[in-house]
Amino acid sequence: MSQPRQSPARSIAAHTVLILWTLIALFPVFVTVVNSFKSKRAIFTQPLALPGPDSFDLVGYQTVANQGDFVAYFQNSLVVTCLSLFFVLLFGAMAAFALSEYRFRGNTLMGLYLALGIMIPIRLGTVAILQMMVATGLVNTLTALVLVYTAQGLPLAVFILSEFMRNVSDDLKNAGRIDGLSEYRIFFRLVLPLVRPAMATVAVFTMIPIWNDLWFPLILAPSESTKTITLGSQVFLGQFVSNWNAVLAALSLAILPVLVLYLIFSRQLIRGITAGAVK
Amino acid sequence: MGQLTLSGVTKNFGPVEVIKGVDLKVADGEFCVFVGPSGCGKSTLLRMIAGLEDVSGGTVTLDGREITNLPPARREIAMVFQSYALYPHLTVRDNMGLALKQAGHPKGDIRAATDRAATMLSLDALLDRRPAELSGGQRQRVAIGRAIVRRPKLFLFDEPLSNLDAALRVQTRIEIAKLHRDLGATMVYVTHDQVEAMTLADKIVVLRAGKVEQVGAPMELYNDPANTFVAGFIGSPQMNFLNSVALGLSSHSAGIRPEQVQLTDGPGQIKGTVSHVERLGGETLVYVHAEGHGLLTARLFGEHDRAVGSDLGITFDPARLFHFDKAGQRLR
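Heads up: the sequence lines are chains A and B, in that order. For what it's worth, the working numbering labels the leading residue of the first sequence as 2, then goes sequentially. For what it's worth, the working numbering labels the leading residue of the second sequence as -11, then goes sequentially.
So that you can see chain A by itself, here it is in the shape it has in the complex (with noise of 0.2 angstroms):
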């Protein structure tokens, strides 16, 4: 929306907060994508000098290409943050709409408990979960992160999602309940597509602490063919030596993708609710 009545001075003072939380936040992102075209040295001695003729170096995208299976990494970081983001819009939006939707008996205290995950760390029940783990033999596989992120992803989802669809025009739902759609087809085809701004805001929030989670691909699925990016760029990390270089390399390599999911999202989250259903 176009706010023409703004005057000047307040637009500038708005401008210049804005861009200096810009830059305070792309910082940290600027420092690691440009260390990692550098050499060693010139990490060190310039930090934050851009890479000139005598510190460019590839050095580190060339350990990261030669040294580990990045590729795999990228593959099972991709594979278990789509997955994941999948069934918790999937899961998160049914449970939303059941919620908002239908009066049954303890229909306040069922949206309560699902939301009580968004209070309490999942973290805090990771033995217990790796103990599930072990027993059913998830231990090293995938689909034992993808389990583990949908869990801790529902919360936050069914919050966001039941609000948004309490929202949603009754009488849209009631015509095609006369029309004679079924109630998968009235979520589908009419809610869905209503609450794609509210779904991409909990895809941006699921995927980026699943993309960056250490904690559970080290204790769950710490094998070489299972490693996710965050995990598998820890292999240069030691406890005496760092291979900078490809530390950064990796970090920066590992920002690309999530960046492009956040893309897609952030045009939905831009797009407004689609106009014309009500008035």
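Think of the hints as simulated: they come from the structure by calculation, not from any bench. Note that the Cβ used here is the ideal one computed from N, Cα and C, for glycine as well. One or more hints might be untrue.
What the hints assert, rightly or not - Anything over 12 angstroms on all C-beta distances counts as not near chain B; from chain A, calculated:
hint, residue
1, T33
2, P48
3, V236
4, L262
Claimed, not checked - Here's a subset of chain A near chain B, in silico, CB distances under 8 angstroms, partners left out:
hint, residue
5, A129
6, D172
7, N175
8, A176
9, D180
To be verified - Quick look at which bits of chain B chain A covers, simulated, 3 or more residues with Cβ under 8 angstroms:
hint, stretch
10, 66 to 72
11, 81 to 90
Chain A is already provided as a structure; the job is to place chain B on it using the hints.
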């Protein structure tokens, strides 16, 4: 076809009874309007007929078939909503044809049915647009078209004009009346606007707090209200209620329509002071503060000049009074 019968219909939300036993017959082809103040249960009752709310007690019968517990899609009804409720991702044509598609009708039939309805409502030029590209009035016409396409036994309208501006409301009201004449279908229409009720209905059902106060043709309710509620609700401006004791009458209160009231410069039957004048061109509404009776309205035809604060007398024909007892029931 299209005879609707409600018998002993009740609805509870938890311990609260919102519909308290409604018995009603709507004849085939009749235009029936539910009217009442907000919260009186008229929309709930309509949604119960549609099957969108469970019926707690009693039965709903359409054309001799009990539909009390049928899902909405199998009741052979169509509904038009206040907020239009068009499917945002479908074109006008698909919006109108969806119900038939769901019911498994062949494509050719669906096309013919939507074309016919579109012609009726002059929507032909808009068939390929999406709801977002339509104006409010066009959207409401599409919503009505969506109902027509299904050829239902019963049309349900839930305050369909409330979201339209005043000029469009009058126009759409006329269109709905014409549609009713052309289709000859049974319609049940919910509104809080008594003007809509008076102008559209064959039969008005006045509801208050989940109970039917009176059922009848518009002029029946206007000329023969059963109680103070109906007397006050039907007719605009509202009926004046006079203090019978101050007039020396035996009833508890007496009502008189604003158009039955005359103003004189002499003392008249009641003395009062002009408190406000509304000039509408064709008619003038004079609000008179009368000692012992409160604010009374006089509806005078044509233009009249009455200075605010001036004293005047009110006269009326005692035969035109409606008498009510203490409980508000009419004394005949």
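Okay, the hints, checked on the actual structure:
1. Every CB of chain B is more than 12 angstroms from the CB of A:T33 (nearest about 42 angstroms), matching its label as outside the interface.
2. With a closest Cβ-Cβ approach of about 52 angstroms to chain B, A:P48 is found to remain outside the 12 angstroms limit, as its non-interface label requires.
3. At roughly 48 angstroms, the least C-beta separation between A:V236 and chain B is larger than 12 angstroms, which holds for a residue marked as non-interface.
4. At the 12 angstroms boundary, the C-beta of A:L262 stays outside the reach of chain B, the nearest C-beta of that chain being 24 angstroms off.
5. Because the beta carbon of A:A129 sits about 39 angstroms from the nearest beta carbon in chain B, more than 8 angstroms, this interface hint is broken.
6. Among the interface hints, the one on A:D172 holds; its C-beta lies about 4 angstroms from the nearest C-beta in chain B, closer than the 8 angstroms criterion.
7. The interface hint given for A:N175 is met, as the beta carbon of that residue sits about 5 angstroms from the closest beta carbon of chain B, less than 8 angstroms.
8. Hint status for A:A176 relative to chain B: holds, with the closest Cβ pair at about 4 angstroms, below 8 angstroms.
9. The beta carbon of A:D180 comes within 4 angstroms of a beta carbon in chain B, closer than 8 angstroms, and the hint placing it at the interface holds.
10. Coverage of the stretch 66 to 72 of chain B by chain A holds [criterion: at least 3 residues with CB-CB distance below 8 angstroms; count 6].
11. Given a C-beta distance limit of less than 8 angstroms, the hint that chain A covers the stretch 81 to 90 of chain B holds, as 3 residues qualify and 3 suffice.
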